[in-house]
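Visitor: Fit chain B to the given chain A structure using the hints.
Residues per chain are reported as follows:
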Amino acid sequence: MLEVRGLHVHYGGIAAVKGVDLEVASGELVCLIGANGAGKTTTLGAIAALVSPSAGEITLGGERTAGLASFQLVRRGLALVPEGRGVFGRLNVRENLEMGAYHRSDREIGHDLEKVFALMPRLQERCYQTGGTLSGGEQQMLAIGRALMSRPKLLLLDEPSMGLAPLMVQKVFETIQAVARDGVTILLVEQNARLALELAGRGYVMEGGCITLAGQSAALLADSRVREAYLGE
Amino acid sequence: MGAVNLDILLQQILNGLVLGSVYALVALGYTMVYGVLGLINFAHGEVVMIGALSTLSVSRLLHNVFPGLPGPAVLLFSTLAAIPVCMLLGYAIERVAYRPLRRAPRLAPLITAIGVSILLQNVAMVVWGRGYHSFPAYVSTEPFQFFGATMTPVQVVIIAVAIAIMAGLMVLVHRTKLGRAMRATAENQSVAGLMGVDINAIISVTFVIGSALAAVAGVMVAANYSIAHYYMGFVLGLKAFTAAVLGGIGNLGGAMAGGLLLGIIESLGAGYVGDLTGGFLGSNYQDVFAFFVLIVVLVFRPSGLMGERVAERA
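Protein sequence lines correspond, in order, to chains A and B. Going by the numbering used here, the first sequence opens with residue 1, and the numbers climb by one from there. Going by the numbering used here, the second sequence opens with residue 1001, and the numbers climb by one from there.
A few chain A positions that, by computed beta-carbon distances, are all more than 10 Å from chain B:
1) G6
2) G19
3) M168
With a cut-off of at most 27 Å between alpha-carbon atoms, the simulated BS3-like pairs for lysine-lysine come out as follows:
4) B/K1177 / A/K115
5) A/K153 / A/K115
6) A/K171 / A/K153
7) B/K1177 / A/K153
8) A/K115 / A/K171
Honestly, the hints are just simulated from the structure, not real lab data. Where a beta carbon is used, it is the ideal one built from N, C-alpha and C, also for glycine.
The following block holds chain B by itself, in its conformation from the complex:
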C-alpha cells in the first residue's frame, strides 16, 4: 500500500459523518430510555422505519394533492407529519408494552421489546408491503465537489439537521426544568418522585422525544440511500445500539460521539478493508465493523468511552 490518498480519506470521513449523524440520532433514543428505565428498547429501530415509511406515504399524498410544491418543502412537511406519528407510537409502546412490566424481572421487558419489534415489522409489512420503495430525491442528490471529495446536498442537510437537533437536545436536557427532571429521574427515580416529579410523565416524555429523533433519522436514511422498506429499522437499530454502547449507554454525549465515531469507523473500514486484505475482503463487509466494535467495547471497556466518568462519594 502506497501513500494514503487524502482525497479518498476525506471522502470516507465525510461519508462516515453522514452515516454517523444518523446513528447518533437513533443512539440518543436508546440511551435516553436506558437512562431512565435501564431498558434496551429494541423496538426503537422499528420506530425509525415507521418514521421513514410514513414520511414516504405522506410525501406521495402531498405530491399528488399539490403537484407544484417544491421537493424540499414536500420532504419538510411530510417529515413534520411523520414526527407526531412516531411520538405517538413511542408513547404507546411504553404505555402498553413496558409500563405494566415496570416491576417485573429484567428479562421480561427485554423479551417484550423484541416482541414489539417483530410486531411493528409485520404491521409495516402489511401496511406498506414487502417490497422496497424508492424514496424520491426531494432534496437533490446531485453531487458537488467539496475539496477533493464529493458530497450531495442531501448529505449536507443530514449533517446540519443532526447537529441542530443534537444541540437542541443538549440545551433541553441541561438548561431546562424538564431536562433537569429527566436527569434527576435517570439518576434516582424515587428521590425524583420525592421532589414532586411525576416519574411516569417523565418516562413518557423520554420515549416521545427519542421517537421524534428516530422519525427524523428514518427520513435521513431513506433520503440518503433513496430507499425505504419494512425491514430497514432492524440492522440500523442494532448499529445505533452499538453506537450507544460504544459511547457509554445512558450518556447523551456518549451516544452522539459513539454514533459519529461508529459511522467513521464503518466508512473507513469499508473503504480500506480491500486494500488492507489485498482484495480478500471487500466493502460489502461494512456491516461487520459495527459489530466487531461492539464486541471489542464489551470486552475491553463495557462502560463505553464516556460511561462511568462521575466520581461519587458516600
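So here's chain A without its partners, still in its complex pose:
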C-alpha cells in the first residue's frame, strides 16, 4: 500500500528526516514511535505532500507520488489526520465531516455520515455546533471521522492521543481499532509508545531522523532498548 525509500527532508539547512525506509502493507496497522522531534510528523508530512522531500521515493498503491499535491493524493485514497487535529473551528461538525467527502460525488456520502455518527455518537449530538467549541477529545474524534468520510485506503494518524485525558485516549484508540478492523490500512504516529505498540501489529522506532528499530510489536515491547527509552522501565 505504502512504500517509503530513502526519504530525506530538510527545513532550510536542517535535516529533519535522514534516509527513512518504511512500508505498510494493505490491511496492516503499523505504528511509528519516537520522542518529540524525532522526525515522525515530518515523515507523515512528506507522505501527504505537505512538505517536499529533498531525496527519496514514496509510492502509494504502486504509484509514485512525486509531483502530486495533497489534494491529488486524497483522490488516490490517502487521508491524514494532522497533529493538532486541524478541525475547522468555524465550520460546524456536519460541515467538517462533509469536507472530508469533498472529492466525492457519489450517493453514499449520507450513508457514510451515518456510519461515522454510529461510530462516534457524540458527534451526532453536536452536529450543528462549530468545531472550535468541541472538547479536545471530541475534536480528535471529529478529525478521524472526517478522514473516514474520504473513504481512505490508507489513513495516517499523527499523535491522536496528544493533549487528551487518559479516558479519552482510550476511547480514541478504541475507535482507531474499530476503523482498522473495518479494513482501513493505518500508519499511526505516536509518542505514547506502549499504547501504540499494543494496538499495532508492527512498529518502527524513529530517533534523530532515522529509523533505529523495526519489528513486530510484541518483539519491540520486549526489546530492552525500547523498554528503557520509550516505556520508562
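Guide: Same frame as chain A, but now just chain B:
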C-alpha cells in the same frame, strides 16, 4: 440647533444606504481575498473602475448598434459584458502578481498590490483618456417622493441589486459545497488541501467572485453620480477597505454591515457637519469621515465590529 428635521434625517439615511450598498459590495471583495490569502488586494478599487469604464464603452457601442434599445436594457447588457472582463482581470491579477509571491514576506505582495493598482490606473488612462466621462442615465435619475425624502429610480435599483447580490453570496458561501471549501480554505489552507480541495482553484474563484461584485459596484457608482473616470477606483477602494476593516476584515457579514454603516456615517456626517460646527466645516468634508472611522476602529477595536467572534478551544 433646533429639533432634528425627520425628513432630512431620512434623506441622509437613504443616501447613506445607497452609498453603503456600493461600499459593501466592494468591501466583500477585499474581505474575501483577505480571508483566503491574508492579503489586502489594493488593486481591487481599480477593478471597480475598469468595471465602470468597460460598461460605459460597451453601452455606447450597444447604443450605436441598436439605437432603439431601452436604457435599462442597455445598462443590463453592458454590465453583463463588463462582469466577465473584471472576472478575467481579477483572475489574471492573482495569477500574475500574487501567486508567485505566495511564500514571500508579507510586504512583497502588499507593494505588488499597490504596483498593480498604479499600473491599472495608467492602462485605463491610456485606454479611456484622462477626462471625465459622463455616464448616461440609462436608468432614470428623475427623483420621486419617498415619505418626506426624495429618491431616484437608479438609487432604488442600486439598493435592490446590492441586497440580492449579497443574499446570493451568503447562500453560495454558507449553503454550497464550493462555499464550504472557501470557508475551509480561509481557515486552514493545508488542512483544506488534505480534504482534497485544490487551494489554487479556490483562491482563483475568490478573486473572480470579488471582481464580479466590483464590476457591479463600479456600474452603480457611475450610474449614481453619472460620471466615470480612470481615477474613480482609488478613493472608493480605500473607503471600501475601511468598511471591511470596520466590519472585521475576513468576515463577510462584517463587510456588508461595515459598508452600509460607513455609507450612513458618511452621509450623516456630511449632512450635519455644517450645523454641528456652525458652518465652519461643510459637506465637502464628506471624505474625512470614512478615514476618521478607520482611525477610530484601528485604535479602539482593530478586529472590527464582527471580527474574532469565534471561540476556539484547544
